[in-house]
Amino acid sequence: MSDIIKKDTSNDGIDRRGFLTCMAWAGAGMVWAMKGGILTARAFSEQVAAGNDADFTFVQVSDSHIGFNKGVYSDVVGTFQTAVSRINALPKPPSLILHTGDLTHLSKPAEFDTVAQVMKSIKTQRSFYVPGEHDYFVDNGREFLDRFGKGTQGTGWQSFDFNGVHFVGLVNVANITNGQTALGVLSDDQLNWLQKDLADLKTSTPIVVFAHVPLWTVYEKWGWGTQDSARALTLLKRFGSVSVLNGHIHQILQKVEGNVTFHTARSTAFPQPEPGKAESPGPMKNVAAEKLRSYLGLTRIDYIEHTGSLATTDSTLASDIPAT
Amino acid sequence: MASAPAPQPAAVNVKIDNFTFQPKELEIAVGTTVTWKNADDVPHTATSKGKPQLFDSGALDTDDKFSFTFSKPGKYTYYCKVHPHMTGVVIVK
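Going down the list, the sequences are from chains A and B. So the number in the numbering used here is just where the residue sits in the first sequence, counting from 1, plus 9. Position 61 of the second sequence, counting from 1, maps to 57 under the numbering used here, and the rest follow consecutively.
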């Protein structure tokens, strides 16, 4: 995949045809930079320069599903470790790691043990977690909260500030009830807390929200959405830069709505089909073993302080994360 | 009252496949044992709706089974805790 601009018909530095090709390719390193709410697509070479100015970098990993073992997906611990080695190969270690859930496959203590072990091997100062439904449905999140719930409230939500950026971890996999179409649900307690949490922040504060299930409706038929996210999104609307990082769907999808950018991450364990491209959303079938790593990956986000922008770089386990 | 229904087996199976309960609607006689078996790659549950909770299979991984004997007549809706749009109903007569 070349990142040379071939056709720059609008003279704005964006090769739309090349860009669309990039978007389709699983191995693409597409870099999004958001400046004052306007999304700019950049080729890798430009990002290298911008990366040097970044105030700090953090990484999102997701859906490690430790405990899963079927067919070609026979070494989810190994692929999780590969993701970690990619992170550790970065010349500048990330300041923090966000795990957006489904750490384990069946909430077993041994599975959580392994997750903790692998996460400990990342060269970073701090890690934050939100649970996926696989971490919650067996024992109401008890094991997850015991191990990763420090500093959280209620069903496991939390917020913290880092270098001027306000991070909010939301839990949308608790309180699941019969028949609901969208899997995700935030519930009023959490939304009330969120309202208070955001109340005193300046609109210029960059916000990063991380939660397992997408906060927008990706595909209703497979439950890929959050029932009551509308109120959360209304609360976030006034801010100049909001990035919503989700997992759950095991593929990259992005959406921009005003100043809010939604981004989902690949899994480190197994891919899932695109909406509607298969009968059901389970692990993708017919993935060749040698192609597996190109379907798995992680996301690096660079915060560039003087422009107030968050630049996202996705990479697969088939290649290194582009260096800054 | 109409003539008695044909004698039914005391044990009935529900297959969990492709994120559905098959059959989705099941009619059985009081005292029948229903066994759910998961044929999917991902875990599911069979959890009864409402309180107090009548049954909950817990996490059923591929090929795991769960059985429950329905001793009272009624209409019992259940769902999967991980994929709540998956629902089924057992009608006990």
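The set of hints was computed from the structure by calculation and includes no laboratory data. Treat the hints loosely; a few may be bogus.
What the hints assert, rightly or not - Listed next, the in silico PhoX-like pairs over lysine-lysine satisfying Cα-Cα at most 20 Å (straight line):
no. : chain 1 : residue 1 : chain 2 : residue 2
1   : A       : K286      : A       : K230
2   : A       : K286      : A       : K300
3   : A       : K79       : A       : K294
4   : B       : K47       : B       : K11
5   : A       : K79       : A       : K117
6   : A       : K230      : A       : K205
7   : A       : K79       : B       : K61
8   : B       : K68       : B       : K45
9   : B       : K33       : A       : K79
10  : A       : K117      : B       : K71
11  : A       : K230      : B       : K33
12  : B       : K33       : B       : K20
Stated by the list, open to error - Distance windows between CB atoms, simulated:
no. : chain 1 : residue 1 : chain 2 : residue 2 : range
13  : B       : A6        : A       : T190      : 46 to 52 Å
14  : A       : A327      : B       : T31       : 41 to 47 Å
15  : A       : A287      : B       : G70       : 34 to 40 Å
16  : B       : T65       : A       : D148      : 20 to 26 Å
A virtual CB, placed ideally from N, CA and C, is assigned to each residue, including glycine.
Now for the hints, and whether the structure bears them out:
Taking the CA atoms of K286/A and K230/A, the gap is about 12 Å. The hint holds against a cut of 20 Å. For the given pair, K286/A sits about 19 Å from K300/A by alpha-carbon distance, which is consistent with the 20 Å threshold. Between K79/A and K294/A the CA atoms are separated by roughly 10 Å; this keeps the pair inside 20 Å, and the hint holds. For the given pair, K47/B sits about 25 Å from K11/B by alpha-carbon distance, which is inconsistent with the 20 Å threshold.
With a CA separation close to 17 Å, the supplied pair K79/A and K117/A stays within the 20 Å bound. Distance restraint check for K230/A and K205/A: the Cα-Cα separation of roughly 33 Å exceeds the 20 Å cut-off, and the hinted pair is therefore not satisfied. At most 20 Å may separate the alpha-carbon atoms for a hinted pair to count; K79/A and K61/B meet this at roughly 18 Å. For the suggested pair K68/B and K45/B, the alpha carbons sit about 16 Å apart, so the restraint of at most 20 Å is met.
The hinted pair formed by K33/B and K79/A meets the criterion: a straight-line CA distance of about 17 Å does not exceed 20 Å. Distance check on the hinted pair: K117/A and K71/B sit about 33 Å apart at the alpha-carbon level, beyond 20 Å; violated. Taking the CA atoms of K230/A and K33/B, the gap is about 23 Å. The hint is violated against a cut of 20 Å. For a cut-off of 20 Å, the pair hint linking K33/B to K20/B stands: about 13 Å separates their Cα positions.
For A6/B paired with T190/A, a C-beta distance near 35 Å fails the hint of 46 to 52 Å. Look at A327/A against T31/B: about 43 Å separates their beta carbons, and that is inside 41 to 47 Å. A beta carbon spacing of about 36 Å between A287/A and G70/B agrees with the range 34 to 40 Å that was offered as a hint. Checked against the given bound of 20 to 26 Å, the beta carbons of T65/B and D148/A, roughly 25 Å apart, stay inside it.
The structure shown violates the earlier hints numbered 4, 6, 10, 11 and 13.
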